[in-house]
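Residue numbers (the numbering used here), protein chains in the order written: chain B, 161 to 526; chain L, 161 to 526.
Keep in mind that the hints were calculated from the coordinates and are not lab data.
Keep in mind that this is a model prediction, so the values were computed, not measured.
Careful, some of the hints might be misleading.
No copy labels: a pair is met if it fits in one copy or bridges any two.
Subject to a maximum C-alpha distance of 30 Å in a straight line, what follows is the list of computed DSSO-like cross-link-like pairs (lysine-lysine) [to be verified]:
1. Lys388 to Lys495
2. Lys360 to Lys426
3. Lys251 to Lys360
4. Lys163 to Lys498
Residues per chain are reported as follows:
Protein chains: 2
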Amino acid sequence: MAKPVLQEVTLADTHALAIGAGILGTGGGGNTYIGRVWLEHELKKRGGSIKIIPVDAVPDEALTVAIGGMGAPTVGIEKFPKGDEYQNAVKALETHAGQKMFALVIGEIGGSNALRPLICALQMGLPVVDGDGMGRAFPELQMDTFAIAGLSLTPMALSDVHGNVSILHQADSMYRVEAYARSLTIEMGGSASLAMPILKGKELKETIIKDTLTLARDMGDAVLQARKRGLEPSDDIASLGNGRVLFRGKITDVERRTTQGFARGKLKLAAFGEPNDQMEIVFQNENLVAWHNGEVVCTVPDLICIVSLEDGEPIGTEMLRYGLRVAVLGLPAPKELKTWAALEVVGPQAFGYADVNFRAMAGDLL
Amino acid sequence: MAKPVLQEVTLADTHALAIGAGILGTGGGGNTYIGRVWLEHELKKRGGSIKIIPVDAVPDEALTVAIGGMGAPTVGIEKFPKGDEYQNAVKALETHAGQKMFALVIGEIGGSNALRPLICALQMGLPVVDGDGMGRAFPELQMDTFAIAGLSLTPMALSDVHGNVSILHQADSMYRVEAYARSLTIEMGGSASLAMPILKGKELKETIIKDTLTLARDMGDAVLQARKRGLEPSDDIASLGNGRVLFRGKITDVERRTTQGFARGKLKLAAFGEPNDQMEIVFQNENLVAWHNGEVVCTVPDLICIVSLEDGEPIGTEMLRYGLRVAVLGLPAPKELKTWAALEVVGPQAFGYADVNFRAMAGDLL
Numbered sequence: 161m162a163k164p165v166l167q168e169v170t171l172a173d174t175h176a177l178a179i180g181a182g183i184l185g186t187g188g189g190g191n192t193y194i195g196r197v198w199l200e201h202e203l204k205k206r207g208g209s210i211k212i213i214p215v216d217a218v219p220d221e222a223l224t225v226a227i228g229g230m231g232a233p234t235v236g237i238e239k240f241p242k243g244d245e246y247q248n249a250v251k252a253l254e255t256h257a258g259q260k261m262f263a264l265v266i267g268e269i270g271g272s273n274a275l276r277p278l279i280c281a282l283q284m285g286l287p288v289v290d291g292d293g294m295g296r297a298f299p300e301l302q303m304d305t306f307a308i309a310g311l312s313l314t315p316m317a318l319s320d321v322h323g324n325v326s327i328l329h330q331a332d333s334m335y336r337v338e339a340y341a342r343s344l345t346i347e348m349g350g351s352a353s354l355a356m357p358i359l360k361g362k363e364l365k366e367t368i369i370k371d372t373l374t375l376a377r378d379m380g381d382a383v384l385q386a387r388k389r390g391l392e393p394s395d396d397i398a399s400l401g402n403g404r405v406l407f408r409g410k411i412t413d414v415e416r417r418t419t420q421g422f423a424r425g426k427l428k429l430a431a432f433g434e435p436n437d438q439m440e441i442v443f444q445n446e447n448l449v450a451w452h453n454g455e456v457v458c459t460v461p462d463l464i465c466i467v468s469l470e471d472g473e474p475i476g477t478e479m480l481r482y483g484l485r486v487a488v489l490g491l492p493a494p495k496e497l498k499t500w501a502a503l504e505v506v507g508p509q510a511f512g513y514a515d516v517n518f519r520a521m522a523g524d525l526l
Numbered sequence: 161m162a163k164p165v166l167q168e169v170t171l172a173d174t175h176a177l178a179i180g181a182g183i184l185g186t187g188g189g190g191n192t193y194i195g196r197v198w199l200e201h202e203l204k205k206r207g208g209s210i211k212i213i214p215v216d217a218v219p220d221e222a223l224t225v226a227i228g229g230m231g232a233p234t235v236g237i238e239k240f241p242k243g244d245e246y247q248n249a250v251k252a253l254e255t256h257a258g259q260k261m262f263a264l265v266i267g268e269i270g271g272s273n274a275l276r277p278l279i280c281a282l283q284m285g286l287p288v289v290d291g292d293g294m295g296r297a298f299p300e301l302q303m304d305t306f307a308i309a310g311l312s313l314t315p316m317a318l319s320d321v322h323g324n325v326s327i328l329h330q331a332d333s334m335y336r337v338e339a340y341a342r343s344l345t346i347e348m349g350g351s352a353s354l355a356m357p358i359l360k361g362k363e364l365k366e367t368i369i370k371d372t373l374t375l376a377r378d379m380g381d382a383v384l385q386a387r388k389r390g391l392e393p394s395d396d397i398a399s400l401g402n403g404r405v406l407f408r409g410k411i412t413d414v415e416r417r418t419t420q421g422f423a424r425g426k427l428k429l430a431a432f433g434e435p436n437d438q439m440e441i442v443f444q445n446e447n448l449v450a451w452h453n454g455e456v457v458c459t460v461p462d463l464i465c466i467v468s469l470e471d472g473e474p475i476g477t478e479m480l481r482y483g484l485r486v487a488v489l490g491l492p493a494p495k496e497l498k499t500w501a502a503l504e505v506v507g508p509q510a511f512g513y514a515d516v517n518f519r520a521m522a523g524d525l526l
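Next up, chain B with everything else stripped away, as it sits in the complex:
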């Protein structure tokens, strides 16, 4: 039944990819509508398709680099891309390393960050590896499988819409990379384009979460299929992600502020017709912890995905508003994010929730 893995991305795939990546974004990763319009524009302008390769097709010693956007999603929907910022970042790293890239890597599969590497790859004539470093979206740079495995995040490049490119040449920790890049991102206007880390084929094979671009396409396809049949797609999405629907209801309150380079806040939901049956979710770009009537039911690194109830359209943290009718999905995170080493970096306590412990979802085998 399942479609084969992606071998190329054409205009026929962009809608499904945007929906699936939006769901995996768990609120963040950048608005996929903007990413989709940009990707489709580039595909129409340049023709052709983007070649998608399995990680095993990357030679052990070849260089690859992950790319993605940095900044608050609330900024990203107001501050548009120019077009060449990702290329500028990749080319600066090629100059710095004195070597060309063999392929581009998706830094995070969530949100528009799934689509930006495709755009840059089309511009540069490079293939994209099927997979990513998060299996979702996370707000901070050290929160990927590459950093968790101890690989160096430097040299990394950050670029803006004015053609400015900064390279962090070396850093004493992965948290320092995040801090310095965040500071520059704020100076760049709250969003920036990132190329990081440079990975050899061998390192990539050992750390990437495989086939997540195909997963995004499949989730998006499921939503589009359900829409055609006039069905609510939430259960199909949850099933593809081995998870479940945590809550169905209406958003009753949103607190959101863009601060320190992030969109931070919380939202409240009430079940239809049962106003005392409530869910509360906190977010830092991405949804972090969900409480159902005061009890924790899902936490990072597991995915808390909010989709429009009727049509399964993913709702980013920048689009949350009073009155939206939504389903909240809980999907178990990829196993790479649930090791002890990973939970130190992406568990609830890494986000400041000292009293919240990660517990595997029912049925999740870790």
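Starting from the structure of chain B, add chain L where the hints point.
Just chain L, lined up with the frame of chain B:
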């Protein structure tokens, strides 16, 4: 009478250099006591001397790089250096450019920034060119003869005491270089180590203000000579700088705050025994404009230097305090800073003083 130009710097020169550079710092450039202690420590530890070469000794195609500290002097006296931060910045640029440096250049001759290139040169076994890009100290990166001549300030490197090194690979304007580097300097704790710009020998010959390290040594020597004879050194210093003593008096008020990466403020002085004869000086790291009884008597780019009345010790903006007995000197800036192109970058209006026009000091031939 004049001593010959400097050919090397040894322990015998450090005291005079620190005093002279402090005077030329016009309040900024970094506390020279700390710079002097560091330089003397390195000279004692490593032995030998630092070779000083005239700019004509640099081959046209050889690469040189200017170095100096960035940040507020008020931070620099509290946040000490580690020791290898300048080397780290220079080496990162060598890696990025794929070429070694032939010599180091003094970015600004004022304050401790005259001494830091000497320290780094000793560590790396490189010579230092006699001269600099400012003939004094200025608070912002674009305020040197290299930028005024339109030379690219990128790639530039910024490093901190933790071994972190950032490279700005390309920028759309010299003001952008300043803005992004300032932002990262603040993130780095308010002070950072800078290597910028990379200059070919030919470019350096066309833009450097020559022999200013020798001038700093000569000014310092004059102060030390006057001290030996028990004389007030202000007139000797002013004479060496072709300027004059603008005011003698006591500091009666200092307003100073460290904000946006700078030490900003103003001070008031009253003449001895004549409290209504007053001077007011505003500063942004360096002294910018001096009013004598309400009338402008000296402005950037001319040098407004404050020295201790009795012994000629230069007083940085970080050391200003109520009750100090000082002489205020006005020295005409090097002619390179008084072209129309230069005044757009370093004249009073570039610092926000819309109503203050630069006027050459009496006797200054431009």
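Q. Checked against the structure, which of the hints given earlier come out wrong?
A. 1, 2
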